[in-house]
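Numbering (this note's numbering), first residue to last: 1 to 339.
The set of hints was computed from the structure by calculation and includes no laboratory data. One or more of the hints may lead you astray.
[Claimed, not checked] With a cut-off of at most 30 Å between alpha-carbon atoms, the simulated BS3-like pairs for lysine-lysine come out as follows: (1) LYS130 with LYS249; (2) LYS74 with LYS252; (3) LYS57 with LYS224; (4) LYS8 with LYS122; (5) LYS74 with LYS249; (6) LYS57 with LYS74.
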Amino acid sequence: MQSTRTLKDRVFLVIKGLAMGAANKVPGVSGGVVAFVAGFYEEFIYSLQRVNSTAFKLLFNGRFRSFYRYINGKFLALLFLGMIVSYFSVSKILDYLIVNYELYVWSTFFGMILGSIYYISKDFNAWNAKTIIALILGAVIGISISFLDPATENDNLWFVFFCGIISVSGMTLPGFSGSFILILLGNYVLLLVDSVNALYDSIADVFTGNFEFVKNEPRIRMLKVLGVFTLGSVTGLVTFSHILNYILKHYKNITLATIAGFIIGSLGVVWPWKETIYKTYTDGTFILDSTGKQVIANYERYLPEFNSETYIAISYIALGILIVLGLEWYGQRTRKIKT
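With the hints as extra help, turn the sequences into a complete structure.
As structure tokens, this is what we get:
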């Protein structure tokens, strides 16, 4: 899987990491779809599953260069660099756009998912009873998840660790939104907003020479929560990658059909025309009610009225499809150059 990468390839890999990080943070959107459509999903899973006992032996024996090569470190480092930068930049922009231009953002994502469905299905020629059942099952699970009621926030560290394991499903399983699962578990704001903001503020304080935050118990608690969440995420990434690598090797067609089903099911979550209904008894978004309390958003979907706003939204759906087709074109072109 390892290959020589040009500077252009490295830059594009960081950009792909930016896209994955942003997609992972948006409820209903899966970062795994980005990896799948951009053509590096299998290398991503392969690299993660190389984090095994052999890798740890190399690491503990001080053979750092061999460890780095063994796990395809250059690929993972560039990809995760993009994801980390995304959480402090691109995802912040997305937060703003969702609050102020919600219809157009969801329309773009809806188009991207439609394009992803086309991408997966166009070259899939293994339709039979098993793969059709897998497709339907994946779609039913995806749709069912979108109608579940959210739980209340829970900052118990063991539960936070579990949330970390579950949340990375969106990175390893296209169409399965980890951030939306966090909303259902009640911990979206805690883990992807409050704790990340606490880290951002702490880093800013360190750079200005202000270390008073170490006495700030709520801030330290948030940093602990983020640390445990990160540990759970790494554990989930490595675990899921081993499972998925085995499944892709032995049941590739059924797995691809199931992934297609998940992606079809996620269309219900990102349907652009939905009325936002707020509940004030739990956390889940960055919206505040009249008392300043964070609230969770549920959605009531409806059919659009055909007006100028709708036509603009439809153009954004087309833009989303074009983005995916562009990623597909770039992925095919890159693979041809390497071969």
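**Pair hint LYS8 and LYS122, alpha-carbon separation not exceeding 30 Å** = Given that 30 Å is the threshold and the Cα spacing comes to 28 Å, the pair holds.
**Asked** Under the criterion that the straight-line Cα-Cα distance not exceed 30 Å, is the pair LYS130, LYS249 satisfied?
**Response** holds (17 Å)
**Request:** Take a quick look at whether LYS57 and LYS224 sit within 30 Å of each other, Cα to Cα.
**Result:** holds (28 Å)
**Satisfaction of hint between LYS249 and LYS74, Cα-Cα up to 30 Å** = holds (24 Å)
**Message:** For a C-alpha distance cap of 30 Å, please report whether LYS74 and LYS252 respect it.
**Reply:** holds (27 Å)
**Prompt:** Regarding the pair LYS57 and LYS74, is the alpha-carbon distance no greater than 30 Å?
**Reply:** The given pair, whose Cα atoms are some 19 Å apart, holds under the 30 Å limit.
Checked against the numbered hints given earlier, the structure satisfies every one of them.
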